[in-house]
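Colleague: Each chain, written out:
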Amino acid sequence: MESSENYNFSIFRPRNVHGRKNRNVILTMLLVWIVAVFGFQFLLRAIEKPVPEKALVTFEKLWPAVKTGRVSADDAKSFLNSLIMARGKGTLKTDEQKVLSDVISCFSGQMLTEELRATLTSTISEIESLRLMLPALKDQEFLATKKRISELSNSIVVITAPFTGIEKGTLESEIFKYTLKSDYPGTLNDKSFEGLEDIMKLYMTHNQSILTDTKFLGFPFHYFYTAVFLLILFIGLCIVYNILIEWRLKKQGVVE
Amino acid sequence: MITDMKKIYLIIFLSLANLLNGFGQSLTQLEGSFKTGPAIILIAILITFVLVGIFFRAKDPADYYAAGRKISTVGSGMAIASNWMSAASVLGMAGMMYGFGYNGLAYVVGWTGGYVLLLILMAAQIRKYGKYTAPDFIGDRYYSRNLRIVSAIFTILISFAYCVGQFGGIGLMFKWILGLNYTWAVIIGSSVVLLYTLISGMIGATKNMQIQYVIIVVSFLIPTFVMAFKFDYFWLIPQVGYGAAVTDIVQGIAAPNIAGGEALLNAYGHDLAIVPSPEFAMPWDPSTGTSFFQWVAICFSLMVGTAGLPHVIQRFYVVPKVTDARWSVVWGLFFICLVYWTAPAYSTFGRLLSSNPEVGSLAKDAIVVYTAQLGGVNGLIVGLLAAGAISAAFSTVSGLLVAGASAFSHDLYVKVINPESTPKTQLKIARIGTVIMGLAVTIVALLKLGLIAQLVSVAFSMAACTIFPLFLLGIWWSGSNRAGAKAGLFAGIMVTTIALTYFIVGLSGGRLPGQEFISYWLNVWYFAWFGAPISIIVNIVVSKFTTPTPLEIKKFLAEQVHN
Chain A
1 MESSENYNFS
11 IFRPRNVHGR
21 KNRNVILTML
31 LVWIVAVFGF
41 QFLLRAIEKP
51 VPEKALVTFE
61 KLWPAVKTGR
71 VSADDAKSFL
81 NSLIMARGKG
91 TLKTDEQKVL
101 SDVISCFSGQ
111 MLTEELRATL
121 TSTISEIESL
131 RLMLPALKDQ
141 EFLATKKRIS
151 ELSNSIVVIT
161 APFTGIEKGT
171 LESEIFKYTL
181 KSDYPGTLND
191 KSFEGLEDIM
201 KLYMTHNQSI
211 LTDTKFLGFP
221 FHYFYTAVFL
231 LILFIGLCIV
241 YNILIEWRLK
251 KQGVVE
Chain B
1 MITDMKKIYL
11 IIFLSLANLL
21 NGFGQSLTQL
31 EGSFKTGPAI
41 ILIAILITFV
51 LVGIFFRAKD
61 PADYYAAGRK
71 ISTVGSGMAI
81 ASNWMSAASV
91 LGMAGMMYGF
101 GYNGLAYVVG
111 WTGGYVLLLI
121 LMAAQIRKYG
131 KYTAPDFIGD
141 RYYSRNLRIV
151 SAIFTILISF
161 AYCVGQFGGI
171 GLMFKWILGL
181 NYTWAVIIGS
191 SVVLLYTLIS
201 GMIGATKNMQ
211 IQYVIIVVSF
221 LIPTFVMAFK
231 FDYFWLIPQV
241 GYGAAVTDIV
251 QGIAAPNIAG
261 GEALLNAYGH
271 DLAIVPSPEF
281 AMPWDPSTGT
291 SFFQWVAICF
301 SLMVGTAGLP
311 HVIQRFYVVP
321 KVTDARWSVV
331 WGLFFICLVY
341 WTAPAYSTFG
351 RLLSSNPEVG
361 SLAKDAIVVY
371 TAQLGGVNGL
381 IVGLLAAGAI
391 SAAFSTVSGL
401 LVAGASAFSH
411 DLYVKVINPE
421 STPKTQLKIA
431 RIGTVIMGLA
441 VTIVALLKLG
451 LIAQLVSVAF
461 SMAACTIFPL
471 FLLGIWWSGS
481 NRAGAKAGLF
491 AGIMVTTIAL
501 TYFIVGLSGG
511 RLPGQEFISY
521 WLNVWYFAWF
531 GAPISIIVNI
541 VVSKFTTPTP
551 LEIKKFLAEQ
561 VHN
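First to last, the protein sequences are chains A and B.
Residues 1 to 256 in the numbering used here are what the first sequence spells out, letter by letter.
Residues 1 to 563 in the numbering used here are what the second sequence spells out, letter by letter.
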């Protein structure tokens, strides 16, 4: 009579030599797979350090002085630039965009003369009203309004450049002219700016290490490894497995 | 027959080519208008699918479920890839990387790495076992009618959850092309895919999947060559060339990128410049709201879920030989990787092109099409890209609906309710099941519960907690018995239920005890990191203390499945 025990098996306890060799191949493949995928991520995690962007370092150095109004013209320009770098982030949430736009508007207003500030505010108001009209316009009217907005925006950059140091045609100017608002808190000590430091830290501190700072084929190395190399490895593992298994089956004369 | 189809296909495209040139249009308006060229491309492709479906339609249940086991290795690989590459791959994945940076890569790795598991642990063994569907295997291996029924129900639920994201993707693309609102776009798109699946069944679907794969790959790759060339990156292999663009995003491009003395502009006329944005590429960046744990949990859940998805497992029943099952995985994975290597390029160029605050952050699920538009790619190529995305969703949905319908008719109706039914009745029931499921999915898709990739990942976690442990232990441990399987499945279902309940309550604004804790650690997008191991452990423990597996099952596994 056949015993049930004769047919007991598991991946760790195969029934015969073929099964044992098969098990070794499978477990080796699994080990390579796990180490390659998760081992690398754990390594990334283990060696990473929170690294601030240059703009954050500038911001943290100057923010206390800026709040008290005791800041030199050059430092003010650097400070404004650090805010613009944060405002240019594509992943900001709407409420965070608002805080940054408000603080940029408020601080840049303080950098100007009173007369210039009044001119700036009226120009921004005009831009804002034109932007509101845009969705309802079509064809030539739409294009003409867009052109007018562009002219007004560029004029803002030109008239403020001596104070802000932001030149027309630069990336900073693109962000600056789009960010400015006509309605914003009158002082940098306003309650709505309490979260500014947290926003700056959140968006300008990044987990970096030698694996993220090294470049390979133009990529940050860790990005290449995960996005490109791992996929190549998966295909390679599959090919190697198939070749090994079929070679073994052929060698042992097994017909599936 | 195949030659005839090739002729029809060629004639349709050649005759349309001239016509379409007349409809090339400026596509700087991202949404809201009817786009003639893309619409014609889409209609031509859909007509082709339906014609192929009619030519290769299912004639009996064997054809409907398993394409008569007439598919070659490379053909099966293409079908696996096409079946696999859904709206989540073509649209959703790039959207995740665009919105969540490095954490989006967990989807790329998770959705490819799972194939290694599938190959070394399951593909050949499933083919050797010789069943048509996942519930067939489970019912037979665990000698249990109840387990067959429960696994059939879960097969339907998994297919259902998977379909929701696909129908959402179809809706988004129909919305973009036809300029309709989302609701009508989903209704029209769903109707078309349902009609197609009913006409063709799986054999038509398998033939179509091969055509769909070619459309998906060609339409997905061309815009990246164009953009890489245009923006002065290494365009011969844009899958590598975009790496320099990633570095540019991390370090920032201070001044307009100059190529040949002219500033590079996007379709809106904006300079290609960006502030330093390391958050795009640095691992689990705090600003993306993601963590290291989430990266690992998502990746693990997707990998394990891949090896437990009924419609993926079902592909191994259609190959003629065991060795074909193995090599079809390799081909399938290679074909999949062609697209997965390319998807990050879209999110990278998308980030660069939307860096100007006036463009602003773009809708994540449509980032692929928007990127091509903003990159100034020819309108017809963008239209082909959108049609390719719809093809991807179509090919997957047809496979899912067939898997769901198979579970309904073959595993529930024929095996449980009416074993005496004729093949004609079985086919009728399969088609009724397809319609019911299609309608229900349409309704849920209209609710817009999440991003495409996230919605699809729910299906993966469900599969990982329920089907995967039963297959893994069923194949690799003779000691896993009926009681263990039931207990393990129950544990998996409990974890699934908890995750889904907290998600639904949270979505409706309610709160349950430990809402934040569960929403983070057992999030609906990745709860399998916990559910799958728990299900396996419970299965093992209960099996150890209950009546052993019958001799004939052990003997069959030892002699037939493991030679």
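These are computed hints drawn from the structure, not numbers from a lab.
Since this is a predicted model, take the numbers as computed values, not measurements.
Incorrect hints may appear among the rest.
[What the hints assert, rightly or not] List time: in silico DSS-like cross-link candidates among lysine-lysine, alpha-carbon distance up to 25 Å: (1) A:LYS21 to B:LYS555; (2) A:LYS250 to B:LYS128; (3) B:LYS128 to A:LYS21; (4) A:LYS93 to B:LYS448; (5) A:LYS251 to B:LYS128; (6) A:LYS250 to B:LYS486; (7) A:LYS98 to A:LYS67; (8) A:LYS191 to A:LYS93; (9) A:LYS215 to B:LYS230; (10) A:LYS77 to A:LYS215; (11) B:LYS555 to A:LYS250.
Colleague: Out of the numbered hints, which ones does the structure contradict?
Modeller: 6, 10
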